[in-house]
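Participant: Protein chains in written order, with my numbering: chain G, 1 to 358; chain A, 1 to 287.
Note that these hints are calculated values from the structure, not bench results. Be careful, since some hints might not be right.
As the list claims (entries may be wrong) - Pairwise CB distance ranges (calculated):
| # | chain 1 | residue 1 | chain 2 | residue 2 | range |
| --- | --- | --- | --- | --- | --- |
| 1 | A | 91 | G | 272 | 50 to 56 Å |
| 2 | A | 99 | G | 29 | 39 to 45 Å |
| 3 | A | 133 | G | 22 | 49 to 55 Å |
| 4 | G | 239 | A | 214 | 40 to 46 Å |
What the hints assert, rightly or not - Below 25 Å or equal to it, Euclidean Cα-Cα: the simulated SDA-like pairs (lysine to any residue) are:
| # | chain 1 | residue 1 | chain 2 | residue 2 |
| --- | --- | --- | --- | --- |
| 5 | A | 283 | G | 133 |
| 6 | A | 206 | G | 142 |
| 7 | A | 187 | G | 143 |
| 8 | A | 206 | G | 89 |
Predicted, not measured: the structure shown is a model, and the values here were computed from it. C-beta atoms are modelled at their ideal positions from N, C-alpha and C, and glycine is treated no differently.
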Amino acid sequence: MAQINLSNLKHSYMPAPKGPEDYALKEIDVTWRDGGAYALLGPSGCGKSTLLNIISGLLTPSEGQILFDDRDVTALPPDQRNIAQVFQFPVIYDTMTVGENLAFPLKNRGVDAATIKRRVDEIAEMLDVTDMLNTRASGLSPDNKQKISMGRGLVRDDVNAVMFDEPLTVIDPHLKWKLRSKLKELHQRVKATMIYVTHDQTEALTFADEVVVMQEGEVVQIGTPVELFERPQHTFVGHFIGSPGMNVLPCEVKGDRAVFEGHEVMLEGPTRGDGGRTDLGIRPEYVGFGETGIPAQVTKVSDIGRHYVVSAMVGNTALKAVAEHNAPNLGSHVFLQFKPEQSRVYRDGWIATEERAQ
Amino acid sequence: MRTENQKAWFFVLPVLALVAFNALVPMMTVVNYSVQETFGNNQFFWEGLGWFEQILRSDRFQAALGRQFLFTFLILIIEVPLGIIVALSMPRKGFWVPVCLVLMALPMLIPWNVVGSMWNIFTLPKIGLMGYFLNDVLGINYDMTQQPLSAWITVIVMDVWHWTSLVVLLCYAGLVSIPDAYYQAAKIDGASPWSVFRYIQLPKMKTVLTIAILLRFMDSFNIYTEPFVLTGGGPGNSTTLLSIDLVKIALGQFDLGPAAAMSLIYFAITLLVSWVFYTLMTKDDAQ
Numbered sequence: 001m002a003q004i005n006l007s008n009l010k011h012s013y014m015p016a017p018k019g020p021e022d023y024a025l026k027e028i029d030v031t032w033r034d035g036g037a038y039a040l041l042g043p044s045g046c047g048k049s050t051l052l053n054i055i056s057g058l059l060t061p062s063e064g065q066i067l068f069d070d071r072d073v074t075a076l077p078p079d080q081r082n083i084a085q086v087f088q089f090p091v092i093y094d095t096m097t098v099g100e101n102l103a104f105p106l107k108n109r110g111v112d113a114a115t116i117k118r119r120v121d122e123i124a125e126m127l128d129v130t131d132m133l134n135t136r137a138s139g140l141s142p143d144n145k146q147k148i149s150m151g152r153g154l155v156r157d158d159v160n161a162v163m164f165d166e167p168l169t170v171i172d173p174h175l176k177w178k179l180r181s182k183l184k185e186l187h188q189r190v191k192a193t194m195i196y197v198t199h200d201q202t203e204a205l206t207f208a209d210e211v212v213v214m215q216e217g218e219v220v221q222i223g224t225p226v227e228l229f230e231r232p233q234h235t236f237v238g239h240f241i242g243s244p245g246m247n248v249l250p251c252e253v254k255g256d257r258a259v260f261e262g263h264e265v266m267l268e269g270p271t272r273g274d275g276g277r278t279d280l281g282i283r284p285e286y287v288g289f290g291e292t293g294i295p296a297q298v299t300k301v302s303d304i305g306r307h308y309v310v311s312a313m314v315g316n317t318a319l320k321a322v323a324e325h326n327a328p329n330l331g332s333h334v335f336l337q338f339k340p341e342q343s344r345v346y347r348d349g350w351i352a353t354e355e356r357a358q
Numbered sequence: 001m002r003t004e005n006q007k008a009w010f011f012v013l014p015v016l017a018l019v020a021f022n023a024l025v026p027m028m029t030v031v032n033y034s035v036q037e038t039f040g041n042n043q044f045f046w047e048g049l050g051w052f053e054q055i056l057r058s059d060r061f062q063a064a065l066g067r068q069f070l071f072t073f074l075i076l077i078i079e080v081p082l083g084i085i086v087a088l089s090m091p092r093k094g095f096w097v098p099v100c101l102v103l104m105a106l107p108m109l110i111p112w113n114v115v116g117s118m119w120n121i122f123t124l125p126k127i128g129l130m131g132y133f134l135n136d137v138l139g140i141n142y143d144m145t146q147q148p149l150s151a152w153i154t155v156i157v158m159d160v161w162h163w164t165s166l167v168v169l170l171c172y173a174g175l176v177s178i179p180d181a182y183y184q185a186a187k188i189d190g191a192s193p194w195s196v197f198r199y200i201q202l203p204k205m206k207t208v209l210t211i212a213i214l215l216r217f218m219d220s221f222n223i224y225t226e227p228f229v230l231t232g233g234g235p236g237n238s239t240t241l242l243s244i245d246l247v248k249i250a251l252g253q254f255d256l257g258p259a260a261a262m263s264l265i266y267f268a269i270t271l272l273v274s275w276v277f278y279t280l281m282t283k284d285d286a287q
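Can you make the complete structure from the sequences, with help from the hints?
Facilitator: Structure follows, in structure tokens:
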């Protein structure tokens, strides 16, 4: 068990990186509290797997340090870091039984037979695989295989952190949900720090206490799922999280208002800085319909079950709104109302409005 | 509902006809010869299983069979581990991969009789590079044309040189198909290099290794050209393997009956051993 500290971490796969564009990880400073459940969320190629491999020791960073509690582990190989990692595709040892698979990490560390048996039985019980202990692991279904590879990580009681690299990719949709709740349950039982890498926001938001959103090798925001949803620090976070994502509308700033397609929009608070590219960010959930407001024409209405997603054009800009019921008709002219406390200005992508004191 | 349809058989007919003409019919002529005696003039006399009995009882056949088994055994015991070791030490990615692959493939591209001639010239005691080097530089008494042991070593080394690549390439194909995650997981699990080999690489290579062993068994058991060109079966009969002996009987002495019987026995042994190999090696998968 340990707190994980990443300081000034940079990594490039090139031998002599020149500019920041040569870095897969650009400058990471994160602290992960002991026993927390974290998710690393970002699109493919954003550096999240690189970061994970650096923490587990499969990669050595070009610059920076990794601390487990206060111990510098940057140069240590994976087996001395006491971490466990679950990969995208289940890794199991085909020729061994389920029990032998679970015992393998302990055997390699010279643990005595009685302890091995006790730990294996414990973990098997936790994972509901007790009845499979003596079957060959090669014949198992993908979700059970993934459970076994998870078990191989948990079987050691000195594990500092368990890392998951998109572990549900190959699992059938109806089992994903089951395995996800199993994970959550395991986290509560073993209380190890867990870091979960994914590009699926549902997985990240349901699993983690805190989500680290990454883009192009940079951390853009760290926060609880609610924070990420309610107050994205970057247009990328707003767009990436939420379904549909946040509307990002080009605008001009005039005092404490934004001017969007010639219409003034009230903002959550005063705007900092000046210059750069400014955008108005508002989630579709906070765009309402009314008798007055910004005139728009409805171009598409999708019924997604719980509610309707309405696409509309304001001047030459397309945006989306969510209607709980009574969706407007296709082609009709409507008036949109933006919730002021959820309307923000982003300057060059980063949030530029300040929250008004409550 | 299953609909039975026998039409598919018609599509197999052309292949069946082709196989019949190039394999079954010639094979049946061999069967025909094996149970008859002829003195020319296309006159045949029924011999029954006499030739089979004669061949099986003959010292000459038993000796050739023994040499054949020894040869194949040595080939397998050298080429399979060596092939695995070479495959394991080949690079997984980068510039050297194609270089290694081409180098590995080269010996197999050389026609078999050329391999025999090459090694013959290479190992001749006075004029061959290796023969000269061993005798005149290192002072080792080596002459594959005179000493049975030298001849055997030369034949074995030649086959290892010629065919280890096949095992290497097959094993390499098995190795590169292992995802990186396996090695990473093994690192995290604290597995030793031996465990990585035993529990990850060897199981993943198993299928290709089965094929490699089967191919090497069949090819080495039926080998003819290279030892024939290299030693011609000598000195004496020391490197007369089954196929060389068979050709001597069939074309040298023109004893068609015994040769035919011997062919069938030879074929049956190859088939039987291959079957046993295959059954043993794939037994685990059935569970």
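Participant: All the hints need checking, so say for each whether the structure fits it.
Facilitator: Here is how each hint holds up against the structure:
1. A/91 <-> G/272: 50 to 56 Å: Since the Cβ atoms of residue 91 of chain A and residue 272 of chain G sit about 54 Å apart, the hinted range of 50 to 56 Å holds.
2. A/99 <-> G/29: 39 to 45 Å: holds, 44 Å
3. A/133 <-> G/22: 49 to 55 Å: holds, 53 Å
4. G/239 <-> A/214: 40 to 46 Å: Violated: the Cβ-Cβ distance is about 57 Å, outside 40 to 46 Å.
5. A/283 <-> G/133: holds, 22 Å
6. A/206 <-> G/142: Within the cut-off at roughly 22 Å; holds.
7. A/187 <-> G/143: holds, 23 Å
8. A/206 <-> G/89: This hinted pair holds, its Cα atoms lying about 21 Å apart.
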